Amino acid sequence: MNIPDDLQYTDHDEWIRAEGDVLVVGISEFAQDQLGELVHVELPEVGATVTAGEVVCEIESVKAVAEIYAPASGTVTEVNTALDAAPERINSEPYAAWIYKVQADTAPEGLHSAADYRTKVGA
Amino acid sequence: MVPARLGGSVALRRTPFHPHHVAAGARLVPYAGFEMPVTYSGLKDEHLATRAAAGLFDVSHMGEIRVRGPKAEDSLMWLLSNAIRRIAPGAAQYNAMCNRQGGVVDDVFVYRVAQEDFLVCVNAANRDKDFAWMVANDPHDSEIIDEGDDWAQIAIQGPAAVQITSELTSVDVAALERHRFQSGPFAGVTDCLIARTGYTGEDGFEVFLPAADAAPAWPAAIAAGAPHGLVPVGLGARDTLRLEVRNCLYGHELSDEISPLQAGLGWITKLRKPGGFLGSDAIAARKEEAAPVLVGLLMQGKRIAREGMMVRYDDRAVGRVTSGTLGPSVGRPIALAFVDPAHAAVGTELTVDVRGRDASARVVDGSFLDHASQEAT
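Taken in order, these protein sequences are the chains called C and U. For the first sequence, our numbering gives the first residue as 8, with consecutive numbering after it. For the second sequence, our numbering gives the first residue as 240, with consecutive numbering after it.
Hint data in this document are derived by calculation from the structure and do not stem from the laboratory. Mixed in with the good hints, there may be bad ones.
[To be verified] Here are the simulated DSSO-like pairs of lysine-lysine, each with C-alpha atoms no more than 30 angstroms apart in a straight line:
| no. | chain 1 | residue 1 | chain 2 | residue 2 |
| --- | --- | --- | --- | --- |
| 1 | U | K310 | U | K509 |
| 2 | U | K368 | U | K512 |
| 3 | U | K512 | U | K310 |
| 4 | U | K368 | C | K70 |
| 5 | U | K368 | U | K310 |
| 6 | U | K368 | U | K509 |
| 7 | U | K541 | C | K70 |
| 8 | U | K509 | U | K526 |
| 9 | C | K108 | U | K509 |
These numbers were taken from a predicted model, which means no experiment stands behind them.
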């Protein structure tokens, strides 16, 4: 299973890529595999204020719904609108199909390295 | 298919085709005591392949109960809701088995093998309950045998099913009418029953195979079908396929409490047959009640209404969702729900509480496939 080394991972199976103080958020290959085929991504609003550890939006597969959490408090600066028409991109390329970007006001907490995350999910 | 006890828990049963599912990389899940494939290549792909070409389903978990003897027809006329005596040997019929309160013990397909010999195909989860119920309530002392371990079952469904199945058997399956069956060989396995029945809304066949000999039939069916576009299909797509054409699933749209009339099964509920049937008085009495009725809901947005979610009309709770999914061939979320009959008319605009937010839905009748969005077709 692909768990890229250059990303960090949350307890909720999101991956996080830091671009300065902007955090890019998606879900891991493990998460998409568990969910199955995604059929809908409820994107947050650009400009929305989010709080570390709280739900930002939800993604829905044929059989399940998963909530996407904020890795840090801040403001949503961008959302991946391409997922509106093609949510299945999260299945086919989970690390390219980012969901939203957040301008972080606080340092992200509770992130795991790729090595630790691999251990956690048994990959 | 005999369960073994391991460390105090019951091990999952496996069908004769289990090694082929593992080899194909299927995702296996516990279902009704069996370890069953829920998906192989992906639910949406499997679903669309079944509608476009053909799907191969392992449904060996289904139960089979034999009823035979000189009074077998009378036994089933009493135990079941439809008119079994109207079908001849070689024909099959959909039935509800009801309890004294008019609820549904199970929905079953009955195959009349001979004048005094019937094979009743029952839901896997209800197998033990059904067998006990039939033995306890048969007024005629017919021979009732649980043959669930003796039969494997596969389904070939889809527009290419006739072509593929004809390559696997000497039975003239193209000439077989809907809800008729014949015994014969299938994929080298002898003494099978090949029925033109199914659950997906597509043309196709369900094949009963002696379990002990069945295993080679799976790779043979894959080999014959693959050139025609056949793919193996798991229980996930079996559910979305049946939901798109509004077939009921026991435990969702049917239960010990729900009457067949509520669930839209009036067409198999012969309340006026001579002598009635077990539960017919209660069903007739309940007919006058304003009990919730099953409706189809076409969701107007992209969010999926799921089982258990509340249905509202003007902020008032009027029902609950029993099944919901994205319909791959419909291109929109679809659901079935039990709704107060006052708000069940076709065209009624309802809302479903999807995790605290309202999602708009419209009551529609008939198959959801008639409501396919342009982009899905």
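Going down the list of hints, with the structure as the test:
no. : hint            : result
1   : U:K310 / U:K509 : 20 angstroms, holds
2   : U:K368 / U:K512 : 25 angstroms, holds
3   : U:K512 / U:K310 : 17 angstroms, holds
4   : U:K368 / C:K70  : 28 angstroms, holds
5   : U:K368 / U:K310 : 22 angstroms, holds
6   : U:K368 / U:K509 : 23 angstroms, holds
7   : U:K541 / C:K70  : 14 angstroms, holds
8   : U:K509 / U:K526 : 13 angstroms, holds
9   : C:K108 / U:K509 : 61 angstroms, violated
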